[in-house]
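Trainee: Chains as they are written, first to last, in our numbering: chain A, 1 to 283; chain B, 1 to 197.
Derived from the structure by calculation, the hints contain no laboratory data.
All C-beta atoms in this analysis are idealised placements derived from N, C-alpha and C, irrespective of residue type, glycine included.
Treat the hints with care, as some may be off.
[Stated by the list, open to error] Here are some, though not all, of the chain B residues that point toward chain A, as calculated from beta-carbon distances under 7 Å: (1) Gly28; (2) Arg32; (3) Tyr81.
[Stated by the list, open to error] Counterexamples of contact, computed for chain A against chain B with all Cβ distances above 10 Å: (4) Thr47; (5) Gly55; (6) Asn80; (7) Lys97; (8) Asp98; (9) Arg99; (10) Ser110; (11) Asp116; (12) Glu174; (13) His177; (14) Pro195; (15) Thr207; (16) Glu208; (17) Phe238; (18) Leu263.
Listed below, chain by chain, are the residues.
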Amino acid sequence: MRIFDPHIHMTSRTTDDYARMAAAGVLAVVEPSFWLGQPRTNPGSFTDYFDSLVGWEPYRAAQFGVVHHATIALNPKEANDPRCRPVLDLLPRYLDKDRVVAVGEIGYDSMTPEEDDAFERQLALAVEYDLPALVHTPHRDKARGTRRTMELVAASGIEPGRVAVDHLNEVTVELVHGSGCWMGFSIYPETKMSPPRMVELLRTYGTERVLVNSAADWGVSDPLLTLETGNAMLAAGFGEDDVDRVLWRNPVEFYGQSGRLDLGPAPAGEATFAGSSIKRGGS
Amino acid sequence: MTPAGRLRAALADAPHWPWLESALGEPGTIARSFAAAGRRTGRAPLPAAPGWTADEAARALLLAALPPDRLPAELPDLYRYGDADEKRAVLKALPLLPIGTEAVPLLRDAIRTNDARLLAAAVGPYSRHLDQPAWRQAVLKCVFMGVPLAEVDRLGERADAELTAMLAAYADELAAAGRSMPADAAALLDLLTREET
């Protein structure tokens, strides 16, 4: 089984995770920029993070044979902090980078006017930089947030096929299904979505425009739940081709719209010089 | 032919030369052309310019085409906001540019990273501007991270008793752990030790 995790925050994960992921067939990941648990207080804190997403993290991933791409944005939660908002003016520099394959995560957290503004401006950036958009849906008031998301996306003029609306569940999937947008599902050990529930949704809605991710980060999460979902699909009677479509071809098709997806072998040899690994004490 | 002239000649037959030629004529948009260079020219090694890939050479030429008075402002910015490939291209281009020692902070930044590609680019010819203590630390870090010592500019010329002592101490640490020095570092240590005695 080859797996492309279209949404995982590797910055928060260890090298053990990379090794387990590679062994499980996770050959490619996209790391969306998001919040870090601890709120940031200035734009420089964001740019250092973005630098890591286009510099250090792909390098780290390559040591394990995992191909790493990123999405760049001001996240909805921190869009509410006037100290952070100036980072919006710095985003264009990062949206031009080779391994940036979408604008994201954008969307709503608390559905404030500030979030409306940041969401709108960043959808416009996605159009300007010819990139897809990865849209987070809120944890609280989720159905209303998803509805409002769909209204704003429709009003923005971005082509629906270039938008993925993420963290959907049984209640919110109906709001996105049929819109032409991609439907993202984050499989979590306790919250959001589980592998058996995901299999039921695939039975109901099919495999078209479906993205399944682990969204693993610094919280309780598991980077191998994509694999578990694939296994649950097989056990439920889906074919290998269905699994390959959901876990590989769909994310390749979605992010491939950027024209920047480079799935050649991770350049581990070149990156490390003769396979030498990350050496802690050398820094 | 100048080094920049050689890079230009190596790229001039590439299918994307018209794009690069037009970008070279528009220094005002270098932030965008510098970022896009890899997608435009590809990243293949250039047989006519050993040690350079097409994207690195294109980026070096973009820098060389800047009006010299713009370099002090543009260089730190392009490095600061560059991804790893862009940073590496800036570092490799430094010896080709009409600058003095003002880009040394970029080298120091690269040597602080844990990215072997950046470290290797930082110990190239421009490292002649690094002071001796910083240079020794960079050499030792190359040994530690597995960057071939062949990447280090003027190694034979600059290696001194202090570097010999640092290498010997590292060899002792490795021996205590039951490991051995990389072959190139062991050979260097051997040579330096024989020179001293």
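Trainee: It remains to establish, for every hint, whether it holds in the given structure.
Mentor: To see whether the hints hold, each was checked on the structure:
1. Taken as an interface hint, glycine 28 of chain B does not check out: its beta carbon lies about 15 Å from the nearest beta carbon of chain A, beyond 7 Å.
2. For arginine 32 of chain B, the shortest C-beta to C-beta distance to chain A is roughly 6 Å, which falls under 7 Å, so the interface hint holds.
3. Here the hint on tyrosine 81 of chain B is kept, as its CB sits about 5 Å from the closest CB of chain A, short of 7 Å.
4. Listed as outside the interface, threonine 47 of chain A is inconsistent with that label: its C-beta sits roughly 7 Å from the nearest C-beta of chain B, within the 10 Å cut-off.
5. A Cβ of chain B approaches the Cβ of glycine 55 of chain A within 10 Å, the least distance being about 4 Å, so the stated non-interface status is violated.
6. Every beta carbon of chain B lies more than 10 Å from that of asparagine 80 of chain A, the smallest distance being close to 25 Å; the non-interface claim holds.
7. A beta-carbon of chain B is positioned within 10 Å of the beta-carbon of lysine 97 of chain A; the least distance is around 5 Å.
8. Against chain B, the non-interface label of aspartate 98 of chain A is violated: not every CB pair exceeds 10 Å, the least being about 5 Å.
9. The claim that arginine 99 of chain A is not at the interface with chain B is violated, since a C-beta of that chain comes within 10 Å of its own (minimum 7 Å).
10. Every C-beta of chain B lies more than 10 Å from that of serine 110 of chain A, the closest at about 31 Å, which supports listing it as non-interface.
11. Against the 10 Å criterion, aspartate 116 of chain A stays outside the reach of chain B, whose nearest CB is about 28 Å from its own CB.
12. With a least beta-carbon separation of about 38 Å from chain B, glutamate 174 of chain A lies farther than 10 Å from that chain, consistent with its non-interface assignment.
13. With a cut of 10 Å on Cβ distances, histidine 177 of chain A stays outside the contact zone with chain B, its closest approach being about 34 Å.
14. Consistency note on proline 195 of chain A: stated as away from chain B, and its beta-carbon is indeed over 10 Å from all of that chain's, at 35 Å minimum.
15. Residue placement check: threonine 207 of chain A keeps its beta carbon more than 10 Å from all beta carbons of chain B (closest about 31 Å).
16. Remark: the non-interface label on glutamate 208 of chain A is consistent with the geometry, its nearest Cβ contact in chain B lying 29 Å away (cut-off 10 Å).
17. Interface exclusion of phenylalanine 238 of chain A from chain B stands, the closest Cβ pair being 36 Å apart, more than 10 Å.
18. Every CB of chain B is more than 10 Å from the CB of leucine 263 of chain A (nearest about 14 Å), matching its label as outside the interface.
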